[in-house]
Amino acid sequence: MKPLKLYLIASAGVGLIFLAALFIGTTPMSLTRFFRALIGAGEAGDMIVLWEIRAPRTLAAFVVGASLGASGAALQGLLRNPLAEPGVLGVSACSALGGAVALFYGAASAASLTAPLAAVVGALAATIILTLAAQYAASVVTLILIGVGLSSFAGAVMALLLNLAPNPFSLAEMMSWTLGSVANRSYGDIALAAPFLAVGGVCIASVARSLSALTLGEASAYGLGVNLERTRILTVLGASLMTGASVSIAGAIGFIGLVAPHMVRPLVGHDPARTIGPAALLGGAVLIVADMGVRLIPTTTELRLGVLAALIGAPAFVWIAMRSRARYG
Amino acid sequence: MDKLTVKGACVVKDNAELLRDADAVFAAGELAVIVGPNGAGKTTLLSALLGLTPLIAGAVTLNKTPLEDLAPAQRARAIAYIPQEQSHAWPMAVRASVGLGRYAYGASPGALAGEDAAAVERALTDCALTPLQHRSVDTLSGGERARVACARAFAAETPFLLADEPVAALDPAHQLNVMTLLRRYADQGGGAVVVMHDLSLAARFATRLLWMKDGRIVADGAPKDTLTATRMRDVFEVDARISLGDEAAHVAVVGPSA
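Protein chains in written order, with the numbering used here: chain W, 1 to 329; chain C, 1 to 258.
Source of the hints: derived by calculation from the structure; they are not laboratory data. Check before you lean on any hint, since a few could be wrong.
Just the calculated beta-carbon pair ranges, DEER-fashion [as the list claims (entries may be wrong)]: (1) C:16 x W:229: 23 to 29 angstroms; (2) C:10 x W:112: 54 to 60 angstroms; (3) W:175 x C:56: 51 to 57 angstroms; (4) C:10 x W:199: 40 to 46 angstroms; (5) C:169 x W:175: 52 to 58 angstroms; (6) W:230 x C:59: 20 to 26 angstroms; (7) C:173 x W:11: 49 to 55 angstroms; (8) C:56 x W:191: 51 to 57 angstroms; (9) C:56 x W:157: 40 to 46 angstroms; (10) W:230 x C:10: 25 to 31 angstroms; (11) W:112 x C:12: 48 to 54 angstroms; (12) C:188 x W:2: 51 to 57 angstroms; (13) C:10 x W:105: 50 to 56 angstroms; (14) W:20 x C:115: 44 to 50 angstroms.
Pulled a few chain W residues facing chain C out of the computed Cβ check, cut under 10 angstroms [stated by the list, open to error]: (15) 212; (16) 223; (17) 269.
Coverage of chain C stretches by chain W, computed from C-beta distances (three or more under 8 angstroms per stretch; other residues unrestricted) [to be verified]: (18) 85-91; (19) 94-101; (20) 108-114.
Ideal Cβ placement from N, Cα and C applies to all residues, glycine included.
All chains, full assembly: derive it from the sequences and hints.
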């Protein structure tokens with residue numbers, strides 16, 4: 001598909017889904033009231049529901065999904081494997097742990113940069129370990145196993161923190177980091193993460209072409225003129241910044257970075273560079289839809305977005321793993 | 001005239017001396033073939049020429065500029081490389097895969113334009129890949145994949161091309177096909193350096209042979225001067241009967257040397 005056409009279709013789709021997410025919710029609203037509120041001429045109550053509750057929540061879902069989609073696509077390009085993804089590789093879990101540690105020590109108060117920073121540091125630590133391992137571990141299975149190890153370790157430390165939580169409030173706070181949710185997010189939460197997302201996006205965009213060349217393996221890419229060191233550093237940094245920032249908004253949400261690039265790839269000729277942008281749009285759209293599901297599924301306690309993502313994503317992971325084994329041997 | 005020079009190059013890895021005091025000059029218009037037994041350091045020499053393997057002594061220079069002073073893209077516009085392993089992590093189309101050869105010129109394989117598109121077009125035509133250009137690389141045969149690797153290297157339009165066993169897993173017709181492509185590259189003014197094991201093919205197509213043993217270059221010259229029964233015994237430890245003609249060369253290994 002031509003890039004322009006793909007982007008037009010994808011953007012239009014995201015726009016429609018965004019509108020649907022604004023319309024759907026626990027407070028029923030007629031179409032007329034909805035459109036009046038949308039253009040800023042509705043009743044005060046509707047305006048608040050639309051612009052102060054649903055819009056930031058939907059925007060948060062989109063931003064988180066998009067950054068996970070882009071991180072997944074970039075990591076898959078770097079590690080040359082369709083199973084690489086922040087969630088699977090334990091990057092999200094370590095990032096959530098980073099944030100939880102900050103919360104545990106009470107360092108993270110509302111509207112402070114501490115939580116996003118701690119989340120980014122956690123993501124960075126995990127990604128650096130993985131990249132170092134990727135250079136020595138010949139097989140990708142080893143890498144995935146290291147990811148599983150990182151995830152388990154982060155889970156264990158998280159359990160320890162929950163165990164030792166000083167009060168119920170910080171317990172609930174830390175729980176929400178591990179489960180993942182975009183409920184009650186404000187524009188402020190997104191604004192705090194924005195600089196990290198922007199820098200991460202620039203890092204990834206600057207090495208996109210090199211990721212295409214890495215399709216042929218490191219020795220070939222070197223021969224083609226790729227600066228391997230720079231590509232590794234910027235991809236790791238970019239993916240960590242974006243994953244960390246998304247975790248700081250919504251906690252750990254897995255599998256978006258796996259599913260979105262996988263669905264996009266056939267449409268862009270399996271070119272890693274061209275996968276990143278559309279994977280971000282699709283990741284954002286998928287997470288908005290998942291969040292609509294969370295809001296619509298009638299449960300007594302609202303279902304957590306990260307839980308729903310994992311329930312759908314984990315089987316998808318198994319399916320992709322089985323298919324890629326057949327394809328790449 | 002473009003020159004790729006290696007002088008006094010030594011490579012040591014895990015206490016093993018893989019390359020010792022390698023001296024050679026590669027010039028445009030030549031097809032130089034590196035031959036020698038397994039573990040003689042052929043691949044090490046090739047990757048040293050590319051700057052991929054660090055030297056503990058000596059230097060590789062491209063027209064008097066040390067290789068390490070060149071930016072990766074600058075180097076890639078001078079030296080193309082066909083590695084032994086040719087695997088695609090993603091099932092790209094042939095055209096995009098060949099388009100990656102234009103990486104050092106700032107091209108994206110998905111959106112080739114202008115000079116980049118023209119170079120890819122020429123490379124596809126030269127390697128008879130035009131009818132296959134929209135096929136996915138994972139549907140190709142070994143021979144077709146070898147041609148894709150050649151086309152990618154040609155698309156870079158470099159004065160030098162290094163190839164590591166480009167015909168290793170190919171049937172005789174495809175071997176001939178790839179060697180003809182490399183020969184044509186050299187005849188058109190490129191300098192090709194090729195590692196290979198098939199001595200008959202090497203003798204037929206090479207301008208010169210570099211003989212390696214135990215990490216050293218032990219002989220360097222035209223096939224008719226260096227390909228002798230004595231050398232086969234010294235380097236490969238086999239007795240061989242050799243007949244060199246214009247049309248074809250024949251190296252028959254009779255058995256291990258006494």
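Hints, verified against the model:
For the hinted restraint 23 to 29 angstroms between residue 16 of chain C and residue 229 of chain W, the CB-CB distance of approximately 25 angstroms keeps it satisfied. For the pair residue 10 of chain C and residue 112 of chain W, the supplied restraint of 54 to 60 angstroms holds, since their beta-carbon distance comes to about 56 angstroms. For the hinted restraint 51 to 57 angstroms between residue 175 of chain W and residue 56 of chain C, the CB-CB distance of approximately 55 angstroms keeps it satisfied. Checked against the hint of 40 to 46 angstroms, the C-beta distance between residue 10 of chain C and residue 199 of chain W comes to roughly 43 angstroms, which is consistent with it.
The supplied range of 52 to 58 angstroms is met by residue 169 of chain C and residue 175 of chain W, whose beta-carbon atoms lie about 56 angstroms from each other. Remark: the range hint 20 to 26 angstroms for residue 230 of chain W to residue 59 of chain C is upheld by a beta-carbon distance near 24 angstroms. Between residue 173 of chain C and residue 11 of chain W, the C-beta spacing of about 50 angstroms keeps the proposed range 49 to 55 angstroms intact. For residue 56 of chain C and residue 191 of chain W, the Cβ-Cβ distance of about 53 angstroms falls inside the hinted range of 51 to 57 angstroms, so the restraint holds.
For residue 56 of chain C and residue 157 of chain W, the hinted distance range of 40 to 46 angstroms is satisfied, since their beta carbons lie about 43 angstroms from each other. As the Cβ distance of residue 230 of chain W to residue 10 of chain C is approximately 28 angstroms, the hint placing it in 25 to 31 angstroms holds. Checked against the given bound of 48 to 54 angstroms, the beta carbons of residue 112 of chain W and residue 12 of chain C, roughly 53 angstroms apart, stay inside it. Taken as a hint, the range 51 to 57 angstroms is violated for the pair residue 188 of chain C and residue 2 of chain W, whose Cβ atoms sit roughly 35 angstroms apart.
Evaluation of the 50 to 56 angstroms hint for residue 10 of chain C and residue 105 of chain W yields a pass: the beta carbon distance comes to about 54 angstroms. For residue 20 of chain W paired with residue 115 of chain C, a C-beta distance near 46 angstroms keeps the hint of 44 to 50 angstroms intact. With a least beta-carbon distance of about 6 angstroms to chain C, the hint placing residue 212 of chain W at the interface is held under the 10 angstroms criterion. Checking residue 223 of chain W against chain C by beta carbon gives a least distance of about 3 angstroms; that is within 10 angstroms, so the hint holds.
With a least beta-carbon distance of about 6 angstroms to chain C, the hint placing residue 269 of chain W at the interface is held under the 10 angstroms criterion. Closer than 8 angstroms: that is the beta-carbon criterion, and the segment 85-91 of chain C has 7 residues meeting it against chain W, so the requirement of 3 holds. Only residues whose C-beta sits within less than 8 angstroms of a C-beta in chain W count toward coverage, and the segment 94-101 of chain C has 4 of them, enough to reach three; the restraint holds. Coverage of the segment 108-114 of chain C by chain W holds [criterion: at least 3 residues with CB-CB distance below 8 angstroms; count 4].
Hint compliance for this structure: hint 12 is the single one not met.
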